[in-house]
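Undergrad: Take the given structure of chain A and dock chain B to it, following the hints.
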Amino acid sequence: MLETSSEKPAPVRVISEAISEYINRLGQVWVEGEIAQLNDRAGSGMVYIRLRDPSVDMYLEVTCPRSVFKAVAPLSENARVVINSKVNFYTPTGRLSLNAKEIRQVGLGELLARLEALKKVLAAEGLFALERKKPLPFLPNKIGLICGRASAAEKDVKENARRRWPAVRFETREVAVQGADAVIQVSAALRELDNDPEVDVIIITRGGGSFEDLLAFSDEGLVRLAAACKKPIVSAIGHEQDTPLLDLVADVRASTPTDAAKLVVPDFQEEVSKIKNLRDRSDRKINDLVILEMTKIVNLIQRPVMKDPLIMVTSRQEIISGFISRSFMSMNSKLLRAFDEVTHIAARVRTLSPQATLDRGYSVVQKSDGVIVKDPASLARGEKIQLRMAKGVALATALGSQEDSKSE
Amino acid sequence: MAQLSYEQARDELASVVATLEAGGVGLEESLKLWERGEELAAICQQWLDGARAKLEAAKSQVEAE
Chain A
3 MLETSSEKPA
13 PVRVISEAIS
23 EYINRLGQVW
33 VEGEIAQLND
43 RAGSGMVYIR
53 LRDPSVDMYL
63 EVTCPRSVFK
73 AVAPLSENAR
83 VVINSKVNFY
93 TPTGRLSLNA
103 KEIRQVGLGE
113 LLARLEALKK
123 VLAAEGLFAL
133 ERKKPLPFLP
143 NKIGLICGRA
153 SAAEKDVKEN
163 ARRRWPAVRF
173 ETREVAVQGA
183 DAVIQVSAAL
193 RELDNDPEVD
203 VIIITRGGGS
213 FEDLLAFSDE
223 GLVRLAAACK
233 KPIVSAIGHE
243 QDTPLLDLVA
253 DVRASTPTDA
263 AKLVVPDFQE
273 EVSKIKNLRD
283 RSDRKINDLV
293 ILEMTKIVNL
303 IQRPVMKDPL
313 IMVTSRQEII
323 SGFISRSFMS
333 MNSKLLRAFD
343 EVTHIAARVR
353 TLSPQATLDR
363 GYSVVQKSDG
373 VIVKDPASLA
383 RGEKIQLRMA
393 KGVALATALG
403 SQEDSKSE
Chain B
59 MAQLSYEQAR
69 DELASVVATL
79 EAGGVGLEES
89 LKLWERGEEL
99 AAICQQWLDG
109 ARAKLEAAKS
119 QVEAE
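Protein sequence lines, in the order shown, are assigned to chains A and B. Residue numbering for the first sequence follows this note's numbering, starting at 3 and increasing by one per position. Residue numbering for the second sequence follows this note's numbering, starting at 59 and increasing by one per position.
In isolation and in its complexed conformation, chain A is listed as follows (with noise of 0.2 Å):
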């Protein structure tokens, strides 16, 4: 460590001689970016370059010997390099940059395993899990839309999105979509739309492109933001067989930009006619079954019992008027019964009484105690009799019997 303070600085040679002492640690690096800019200075023997990071906005200055730099031309910018260098610090300017010892292309080749390779390691993080997917919201309340300046993709979202849901709502950030710049804009607008409260659900979408146009929706970075998203992510990337990394993280991938608003919006029309259907046939079932108790009620009150409930009395009333004749007839038959008795037993009183023989003229001695004479002997002279006749009872006095007048 440097030992320095306001009373003991250290000057400038000094500071700059541990500064390079440092960086000389370093030693040799292989290092990995993207052509940003080319300075062939003809006749100097060095070619500069500045090359930038392939996800993040930082560059280094590259100073390469021509013949290290023709032994890979012909380089163009953007082109994605690998280059083994020496770190250098020039004290006297200060300034760092990498001398390039040998500088190679990354080829298709390349990329195309360095992505599988990629693939692989966040597949077995679990990144491309399906229940990490979330769902997207039925309407959503805003979309955030990242696509290309003035691109057709974007026109395509749009157009399809608003003749579904007329009242949808866009966020929309137009980036660059090829190159490292897409890398640093797609994930600034990503970060800035999955952070916007009102917007809940994001759209990332561009047009058709050569794998290396692509490339940028397979950067590592991009793809662990897009995982790490709250909100769910509709990817729509080239044409329907380009698959970039993007679309494994993504909740949902959609073959193009129209498929991508079919799937974030409703179609308005078609919910209305779902909505008046299920309304009609809640409508029909509650009727019907209004009608079908309307009609069980009404069978209960047609009952005969409930109808003329009269016949409750009637029914009885019949009954006892049964009773009351049945019992009125027996009455009359014993009525009957007894009023023949009593005719006959009249008759035969009336046969059995004195009184038919009365009427035959005969008539009935009674004693004054009324006990019947039958021997005139038995009579006292002068005694008070009765004789019950036919019409009536006439006095009498007892003379004596024939007997005693014979013998006179």
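Where hints are given, some of them may not hold.
Unchecked claim - Part of the chain B face toward chain A, derived, beta carbon under 8 Å: (1) 62; (2) 71; (3) 79; (4) 82; (5) 88; (6) 92; (7) 95; (8) 99; (9) 103; (10) 106; (11) 109; (12) 110.
Hints in this document: simulated from the structure, not taken from any laboratory. Quick caveat: nothing in here was measured; it's all calculated off a predicted structure. Backbone N, C-alpha and C fix where the C-beta goes; we use that ideal spot for every residue, glycine too.
TA: Below, chain B alone, put in the same frame as chain A:
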């Protein structure tokens, strides 16, 4: 009495009718049952009229929309 649910009123009405039809019930009891039946019928009618009124109201409201 009004707190009887529609189903309860309907089911009791059904059993009243069944009892009356089965007979074997005294006059006074039958009279009471019949009165009960009338009451229950009124309750059911009340529920059904209410339902129908709600439906009519809802329908007219829908037409008004």
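Undergrad: Work down the list of hints and note, for each, if the structure agrees.
TA: Against the structure, the hints:
1. 62: violated, 14 Å
2. 71: holds, 5 Å
3. 79: Constraint on residue 79(B) satisfied, holds at 5 Å.
4. 82: With Cβ-Cβ at 12 Å, over 8 Å, it is violated.
5. 88: holds, 5 Å
6. 92: Status holds, d = 5 Å.
7. 95: Since the shortest Cβ distance to chain A is 5 Å, the answer is holds.
8. 99: Holds, about 5 Å.
9. 103: holds, 7 Å
10. 106: Hint holds; residue 106(B) Cβ to chain A Cβ min 5 Å, cut 8 Å.
11. 109: holds, 5 Å
12. 110: Since the shortest Cβ distance to chain A is 6 Å, the answer is holds.
Violated hints for the displayed structure, listed by number in ascending order: 1, 4.
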